[in-house]
Structure formats: C-alpha cells, structure tokens
Amino acid sequence: MNHDIRSANRRSTVLWVLLLAATVFTWAVGEGGSGGAAIAALLLGVAALKGAAVILDFMALARAPLLWQLITLGWLVLVCALIGLAYWKGMP
Amino acid sequence: MKYKSQAVAMPYFIAAIGLFVAQIVFGLILGMQYVVGDFLFPEIPFNVARMVHTNLLIVWLLFGFMGAAYYMVPEESETELFSPRLALAMFWVFLIAGALTIIGYLTVDYATLAKYTGNDILATMGREFLEQPLLTKIGIVVVALVFLFNITMTVLKGRKTAISVVLLLGLWGLAIFFLFSFYNPTNLVLDKYYWWWVVHLWVEGVWELIMAALLAFVLIKVTGVDREVIEKWLYVIIALALVTGIIGTGHHYYWIGTPEYWQWWGSIFSALEPIPFFAMTVFAFNMVNRRRREHPNKAAVLWALGTGVMAFLGAGVWGFLHTLAPVNYYTHGSQITAAHGHMAFYGAYVMVVITIISYAMPILRGRACNSPKAQVLEMWSFWLMTIAMVFITLFLTAAGILQVWLQRVAEEPMSFMAVQDQVALFYWMREWSGVVFFIGLLAYVASFFVKGKEQPAGA
Amino acid sequence: MRAACPPLPAPRTPPTLAGDLAIWIFILAELLAFGVFFIAYAFARANNPELFAAEQLALNRDAGAINTLLLLTASYFVVRAVHAAEAGQSRHGARWLVAALGCAAGFVAIKIGEYAAAFSAGISLSSSTFHMFYLSLTFFHFMHVLLGMVILGALWLNARRGLYGPHNMNGIESGAAYWHMVDLVWLILFPLVYVIR
Ligand code: HEM
Ligand code: HEM
Ligand SMILES: [Fe+2]
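Chains as they are written, first to last, in this note's numbering: chain E, 2 to 93; chain B, 259 to 717; chain V, 31 to 227.
Keep in mind that the hints were calculated from the coordinates and are not lab data. Some hints could be false.
As the list claims (entries may be wrong) - Chain V stretches covered by chain B per the calculated footprint, using a threshold of three residues with CB under 8 angstroms from any CB of chain B:
1. 56 to 62
2. 66 to 76
3. 156 to 166
Being a predicted model, the structure only gives us computed values, none of them experimental. For glycine and all other residues, C-beta sits at the position ideal for the given N, C-alpha and C.
Modelling step: build the complete structure from the supplied sequences, incorporating the hints.
So this is what it looks like as structure tokens:
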C-alpha cells in the first residue's frame, strides 16, 4: 500500500511540474502578443489538457466509475469546444 | 402524536385549508372577470378580487408553514414546545388580523383603507403581494417574531437536527426579507428593486429551505430511510438553492432601469435555479424507492412525490422557459408569467403544505393514517387538483404564446385589448379547468369527514 | 472508526469516487455555473472582438499567470495531504495543508492588488461588457477561493488532530475535491479572460 502511495506521489509531482510548465507556456504566448485562430486553438487545447490532468489525477477520477469520468471530462470537452466555436464565429 | 404541544398545529392547518378554499373562490371570480368583464361589478372589482386571491394565498401558506413548524419542531427537538399558549394566542391574532384585512379590502375602497390605516405615516401599500395596510404588516411582523421566538427557544432547549436548523434558517429568512416591504423608496426603480427582495428571495430563496425541510421531515417519517442520508441531500439542496437563487434575483432586473450587467447575471444564475428543484425531485423518489417500511398513509407519500414533480415542472421548467434575458424581452409580464406563477406556487408551496397536513393531520386526530376510504378520496383530490392545475398552466401558456406573438412579435402588432379578445377561448378553458380544480379542492375537504375503519396511532 | 475494521485496508479494486456523493453533486452544479459563464463570455466576445482584445491587453497577465501557478501548487499540496492521510500520516498531511493555504493566501493577495488597480483606473461592472465579465467571472471565482480556504482550514484542524487515515478518507477527499474544482475552473478562466485573443 505504501508503495502505491509513493508511486502516486511521484506521478502527481511530475504532473504538477508539467502543469506549471504549461502555464508558463500560455503566459509566454500571451506576452508574444500574437493572436489568431491557430493560437487560440493551441491555448484552448493546452487548457483542456491541464484540466484533464487535474480531473483524472488530482481529483482522482481516474479510479472513479466510468459515468463520473464521462460527466467531468465531458464538461471539460463541451465547455472548451463551445468556447472554440464562439471564437471561430467571432473571427474577422 | 409524540408531544402534547404538537396539537397547536391543528388550528393552523384548519385555518390554512379554510383560506385556501376562499382563495380559489376568488380565483374563479377573477377567471370569470377575464371573460365577462363586468361580472360582479361594482361589488368586487377585478383589482380587489386579485388582491384578495393573492393575499389569501400568501396568508394561508404562512399558516401552513407555522403549523408545520409547530408540528415538526417538538418532534425533531424531542421536547415540548417552549410555549403552546403563546402559539395559540398568535394563531388568533393572525387569524383576526387576516380576516379584518380581507374584510377591509372587500368593504372599503382601497384609498380609504389606506387613509384609515396610517399609510400616510409610512407608505407601504399598493404593491403587488404587499398590499396589506401598515397595521396588518406590523401585525405580521409581531406574529412572526413571537412565532420565531417560540420555535427558536424550543430548538435551543432540545435536540438540534439538520432539519430543524434548515427550517429555522428558512423561517428567519422569511421574516427578515419581509422587512423590505416597509421600505418603499419614491424612486420607482428602487421600489421594484427591493420589492423583489421580498417576492423573489422568498419563493426562490428562503422558502425553498422551508420546503426542503418539510419534505425531508415527511420523507424520514414515511420511508424510514436513515436520517444521515436525508440530511446530506438537504445540505446539497439548500446550497444549490442559495448559490443560484440569490444572484438569480437578476432575472427580474432586466428591464426596470437597473444596470445592464443584470441581464448577464440574472440569465446565468437563474438558468441554474431549476437544479435544486430537480435535486428535490430526485431526492423524493430516491428516498421512497429506498424505503425501509410501507407507511400506511399512502396519500401523504403521494403528495410528497407530487411536490417533487410539480415543483420541478412549475418552477424549474416553466421558470426556465422565460428566464433568459433575450426570451424575457418578449415574454415579460405576459400570460406566460401567470402560467408559471400558478404552477410554481401550486407545485412547490401549496403541495408541500398539503403534504405535511396530509401526514400530520391524522396523527393529530389520534390515528396513524386515515381510513382507506378517506385516503382514496384524498388521492382523487390530488389528481383532480393537480391535473386541473396542469391544464390551467397549459391554457395560460398557449394564451401567452399567442399574446406575445400578436402583441410583440408580429409585423403589425395588435393592441393589448385587441389581443385579449383573440385569446378569450383559452381564458374560458382556464376557467373550466379552475372549476375542476375547485371540485378537487372540495373533495379534499370532504376527505377529512369520511369515516371508515381506521388504524390506531403508534406508527 | 469501528473496532471491527480489518487491520489492512482492502485495495480499492472497484472504482469509487474520491469523496462524498453530495460534494460531487455540488461540484457538478458549480462546474455547470462556471461553464455557462465561460460560454456566455465567449459568445459575447464574438460580437465585439476588437473591444474585447483591446481591454484584455490592458490586464495584468503576469498577475494572472502567477496566480495560476499558486493555485496549481496549492492543489498539488492538497494531493500530497490526501496521500499522506491515506498512508496513515494525518499529522504529516496537516503540514501540506498549511502550505496549500499559504499559496491560496498568496492568490488572494495578488487578486486584491489587481482589483485595487482596476478600481483606481475607473473600471467598473458598467464600464464595458468585457470589464463586466472580467470582474464578475474573477470575483465569482474569488469567492470560491475564499470558501475553498475555509474548507482547507477545516481539513487542517482535523488532520492535525490525526483524524484522517486509510479508514477515514471521506472528509479529506471531499474537501480536496472541492479545492481542485476551484483550481480546475481557473485553468480555463486564465487563458480565456487574460490571454486568448
Ligand atoms: C417555487 C418557486 C417559484 C415560484 C412560487 C415562482 C413564482 C413566480 C411568480 C408569482 C411570478 C410573477 C411575479 C410578478 O411579476 O407578479 C414569477 C415571475 C418569474 N419567475 Fe418565478 N417562481 C418560482 C421559481 C422560479 C424559477 C426557478 C425561475 C427560473 C428558472 C423563475 C423565473 C421567473 C421569471 C423569469 C419571472 C419573471 C417573468 C416576467 O418577466 O414577467 N421562477 N415567478
Ligand atoms: C392553488 C391554486 C392557485 C394558486 C397557487 C394561484 C396563484 C396565483 C398567483 C401567484 C397569482 C399572481 C400571478 C402573477 O402575478 O403573475 C394569481 C393570479 C390569478 N389567478 Fe390564481 N392561483 C390559483 C388558482 C387559481 C384558479 C383556480 C383560478 C381561476 C380559474 C385562478 C385565476 C387567477 C387569475 C385570473 C389571476 C389574475 C391574473 C392577472 O392578473 O392577469 N387562480 N394566482
Ligand atoms: Fe424570481
């Protein structure tokens, strides 16, 4: 059991570092000042991946029943997709 | 009956049912006046009948809530009521004040009534639902404070359960928000702004807590499901109700001169208001499905389940229908509002009060439940009233859609009164549904007098 | 817990939700509220991309990014606290919770600074649709951070008393799930409101 916890700790630590890196990446793109469809899609995709990591690992939904995984990940995908749709609609 | 003092609930319940009958009589008069304009004129003008109809509704629901609290709190706290004498005294004060007010509405014209009751000292009258003369309003506050004192002291000296805490929270909230009925700024926008703090924050805020507590109490009793499970649901429901309902007030601030951001806030938060009502539906059915005993009072179980369904339909579905700002732009103040108002009030608060009465009244009369014959009649009344209300709602919705179309959307909009003529057929059908509702109500009253083989108390 | 518990925790073979069903229902409602708010923002922006972009550029992206880092770190610390409790080291977990609370306090401080700057620049709910969304969304989230901190504080008190352990995870897992939800919605809020143009 303790072995399991140690490996869970290691996995969460790796994810945490990756999440920090992804945040810095998003920030750097913002500072770069560029916009446009591709950048918007990229940043939304990064946000969705970060969200998925938090949902599956931090919130421990990876070991939850399938229904709950579908609901939470479904929320994430739906929200990001609709945001993407709105941005696409608002393109000049 | 576990505690002697629970008996004070009985007069409250009887008064509630009596006033309910009167409310519906005035509903029928109103419905008639919609299609036969001078019906009962000049004895009872439309505006007076409307005022009596809505005020009676509020007053009898308050009687119902107080009776429910007097019945539930001793049992939840496992102690006698702090002061049954006080409770009985307040009953008479409230009943007499209420009766005098209604007599005032019906016999004196409103302006004269205002003059004699001190409206020029502090002007609070003339606003929908809050038409009561200043004296009556003060009377309501006094009764409410004494009532709350009585109930709170009982809870404090006894066992504290989630149900009684939520109930207390709701009842205190009810009293506190009523205080805004004394605040009547001359600026019409501000007047409306705070008016909704009474009306909206009642039915979509603190009353929801009362409703959840009543429902939870009855469900514990009739299903025997663990208190822990029921309390968990209670917390979820009240958290959801408050999170969505408080800012949801914004759905009344779209077009009254308030800042534009209310269109966003109101739409977003009130769009979520159906969730707590849905949670209540799931709660009621879930508990009944997991029941650990078959309670002999089938009628009470039926009312509890009915409350879950009809509250969600009336408040959740019919509320959502017109709650988004772009939709409300067209439907505001139309018959769609009236359709929603009727089904929501009936489905949530009328039905939950009948649920507790249905559960408690046989026990107060010394038996676990009524005879099968009486219960069958009561269930008939359930179906008659509920189906009639569904039809009232549907006809008003149809009238409302037509009204919005002809008056506000069409290429060449018609005037208000011309449109009313166009939808008169629906008003006739509403009136006939109202008659069925009234028959159902009479059946309900009759069910109290049906004899038959009864089960002894003790369940 | 009861004395009849087995000495070793049974491995969690059947999939289970970490935390109480009630808190998860609540989390879903919260996610729905935030989701609707985000989507409303995106569609409102579509009507006026130029205005949104111009005002968005004036936001303090550094503050937003640092706050993201703080929330993520707080979340990670909470994960460590849960794992510690699962390993039977509730008191050790309490220290992770203090660290998480520290990060959350940092978030609050930075956010207050941002609001102060916005108000002194004359930004209000009525100054533009973008500012209405910026203030409403971040403030709605801010209130959730405060509530989350109260919950973390309660977990800390319990953890310090050694209350949590492999047989009593419900409380700490429920509180942790709520905190992660606060983090999760910010992960979308930050790019949406501060960065994506
Ligand atoms: C049991 C709960 C509820 C009751 C008793 C109730 C009752 C009422 C009543 C009587 C009115 C008319 C007020 C007036 O203008 O005189 C009204 C208006 C309104 N209600 Fe409710 N309501 C409930 C729940 C809800 C919910 C959950 C929603 C939204 C999802 C909602 C949305 C609205 C809206 C948008 C209006 C304004 C209609 C207009 O602009 O004319 N209501 N409600
Ligand atoms: C338990 C049953 C009933 C409840 C809870 C109830 C509730 C209400 C409420 C809340 C209002 C104010 C609506 C608003 O401001 O939009 C109202 C008005 C009204 N009610 Fe009822 N009512 C009931 C039964 C009836 C019945 C049976 C009828 C007639 C058949 C009726 C006819 C009317 C009419 C005509 C109005 C005036 C609508 C207007 O001003 O345009 N009601 N009622
Ligand atoms: Fe409302």
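Consistency of the hints with the structure:
no., hint, result
1, 56 to 62, "holds (count 4)"
2, 66 to 76, "holds (count 4)"
3, 156 to 166, "holds (count 4)"
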